[in-house]
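Asker: Next come the chains, spelled out residue by residue.
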Amino acid sequence: MEQKNVVVQLSQGLHARPAATFVKVATSFSSEIKLVKKEKNVNGKSIMGIMAAAIGKGEEITLIADGVDEKEAIVALEKLLVEGE
Amino acid sequence: MSHKIVGVKASAGIAIGKVFLLANPKLAITTMSIEDPQAEIQRFQDALAKAKADLEGIASHVEKEMGADKADIFKAHLLVLEDPELVDTIQGKIESDRVNAESALDEVSQGFIQLFEQMDNEYMRERAADIRDVTKRVLSYLLGVEFATPAHLTEEVIVVAEDLTPSDTAQLDRRYVKGFVTDIGGRTSHSAIMARSLEIPAVVGTREITRLTAASSTAIVDGHEGIVLLDPTDEEIAFYQRRQKEYDQEKAELLKLVHQKTVTTDQQHVELAANIGSPQDLAGVLANGAEGVGLFRTEFLYMGRENFPTEEEQYLAYQQVLAQMEGKPVVIRTLDIGGDKQLSYLDMPEELNPFLGFRAIRLCLDNQELFRTQLRALLRASVSGNLKIMFPMIATLEEFREAKSILEEEKRGLLEKGIAVSEQIEVGIMIEIPAAAMMADQFANEVDFFSIGTNDLIQYTMAADRMNERVAYLYQPYHPAVLRLIHLVIKAAHEKGKWVGMCGEMAGDPIAIPILLGMGLDEFSMSAVSILPARGQLGRMSKEEAAKHTTTILSMSSSQQVEEFVRRTFHQLDN
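Taken in order, these protein sequences are the chains called A and B. Residue numbering for the first sequence follows the numbering used here, beginning at 1 and increasing consecutively. Residue numbering for the second sequence follows the numbering used here, beginning at 1 and increasing consecutively.
Don't take each hint at face value.
Computed list of lysine-lysine pairs in DSS-like fashion (alpha-carbon distance at most 25 angstroms, straight line) [what the hints assert, rightly or not]:
| id | chain 1 | residue 1 | chain 2 | residue 2 |
| --- | --- | --- | --- | --- |
| 1 | B | LYS245 | B | LYS328 |
| 2 | B | LYS64 | A | LYS24 |
| 3 | B | LYS543 | A | LYS24 |
| 4 | B | LYS261 | B | LYS251 |
| 5 | A | LYS57 | A | LYS24 |
| 6 | B | LYS52 | A | LYS24 |
| 7 | A | LYS40 | B | LYS251 |
| 8 | B | LYS328 | B | LYS9 |
| 9 | B | LYS328 | B | LYS411 |
| 10 | B | LYS328 | A | LYS34 |
| 11 | A | LYS37 | A | LYS4 |
| 12 | B | LYS245 | A | LYS24 |
| 13 | B | LYS52 | B | LYS9 |
| 14 | B | LYS261 | B | LYS18 |
| 15 | B | LYS328 | B | LYS261 |
| 16 | A | LYS34 | A | LYS79 |
| 17 | B | LYS491 | B | LYS417 |
| 18 | A | LYS71 | A | LYS34 |
| 19 | A | LYS24 | A | LYS71 |
| 20 | B | LYS417 | B | LYS404 |
| 21 | A | LYS34 | B | LYS93 |
Hints in this document: simulated from the structure, not taken from any laboratory. Since we're looking at a predicted model, the values are computed, not measured.
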């Protein structure tokens, strides 16, 4: 299992279109992906889960990946949260 | 025997065809306990798979036939359908509560729908509609009810529905939809506007069409009269086929004018331009033979999103419009936001009197970063065509001077960076405030052109809010007070050798056209569908003759008197 704390830098936070992009990237990995926001667990492959969590710019979340491609997943998803598409 | 139904005429033309009933199927859900959760989950999975196959089919069909952006909504639906959170929660519920799939699906979706509907963000609220749509599709498979999909049309039909939502209309295939009829709506409802822009005959607000129609019946839609005939007789069909032919001939006559200039009988040229709200409107502009774009409202770039559009996004939109117009004039109006037009991401205090408040150029001069970003995008795009920049809601010369000096500053900044900017950009103002109209002679020394925005000019002149039905009677385009202001502006501009356009509804109005022609208006900008009829009308008139009546009209005492005079004098209006 890999995990990393990330401060979301996307200008709109993880809402709307960026959320859809996040799910697409997360789904491309076989590892299980989770976002933890204030002890709340969100499935990283669920568009509705992510949007409902309403993660804004500047919020710190924990990114967790578990599976064969966990390292690559963390790298790709962190990049997305920090730099956008 | 046929059945006649009267509604509101929404879009002209006649259509005869088979009815396609776009009804929301009744999806009655009863909660039942089940014995075998695994079998129930399997049933749910099967319905999901069918809905998914449906959506993939629709998405690729729509993408191929109508373009990628129209297919986006179905891709969003697919994302919802594949959502593990949604699917797992539903399956968990079937297992733990031992309830049927319909009830589990409904309960879980409703939870998400409520959550999204409460969000303080338009985009997220729209997602609630996606979830609702997807839920219905899966439910209809579970219940074995047919779910009508207008994107799958394969023959010519008349679409009959209670109402048409934007998501319904996005799917409609123009080639097969010959007309449509709805139960609810008026002339300005979404479905009516849509019908006019697609030029499909339509009647709305019939109250009972869906109740009276059976799926297999034939219908005649008469969009001129606002009448629908269900199961018409052979005689009626023959009669309407003749009417349709006449109408098509009229249209064909007008179509001959597409590539012609607008010239009066005394060989005077006036320019007929189109008003647009986004680059997507260009197809209609070109198809109707506009000689330019007289008003490009840039608000669309800012609305329906969560943050300001970047300079690059704006540049691309402006560049696209300028390039596609191939050197024809394009008047782009800088941001006209504030008052009744709010942006969710721009915090603006509520105002008691929004139409007299902090909006348009007033806001832009205060929020300069916003203004400068737009100006840079415009300047960069200027090399792609014939750009004219117009500032909205100018009341005083100082405002114009300040806006123009900011524009000049940005231009210098770009040139210093080695970025090309056209040297031919004209800079003008919109005349919509009576103060600016009265001072037109002073403005004319400094601007390159005027464009008269009649919708606002009328409401400010008459001090009558055009949104308030109780004072709607004061909204009088032909009132001599309004006409005198317009005349003053045209005269002042011409004395200084400047041109004057008009970009309000009035410019395409057959009653106003002879008056405006007589006063010497140079450019008429209107919705694209009005251009060819206006060109036809102007082609039958003499500018010199029209000018002879100007003094008479300006000395009249009421709107009614003006209207009667115009109808009498320019009798060709009554055809």
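Asker: Hint by hint, which ones does the structure fall short of?
Answerer: 1, 3, 7, 8, 10, 12, 13, 14 and 17
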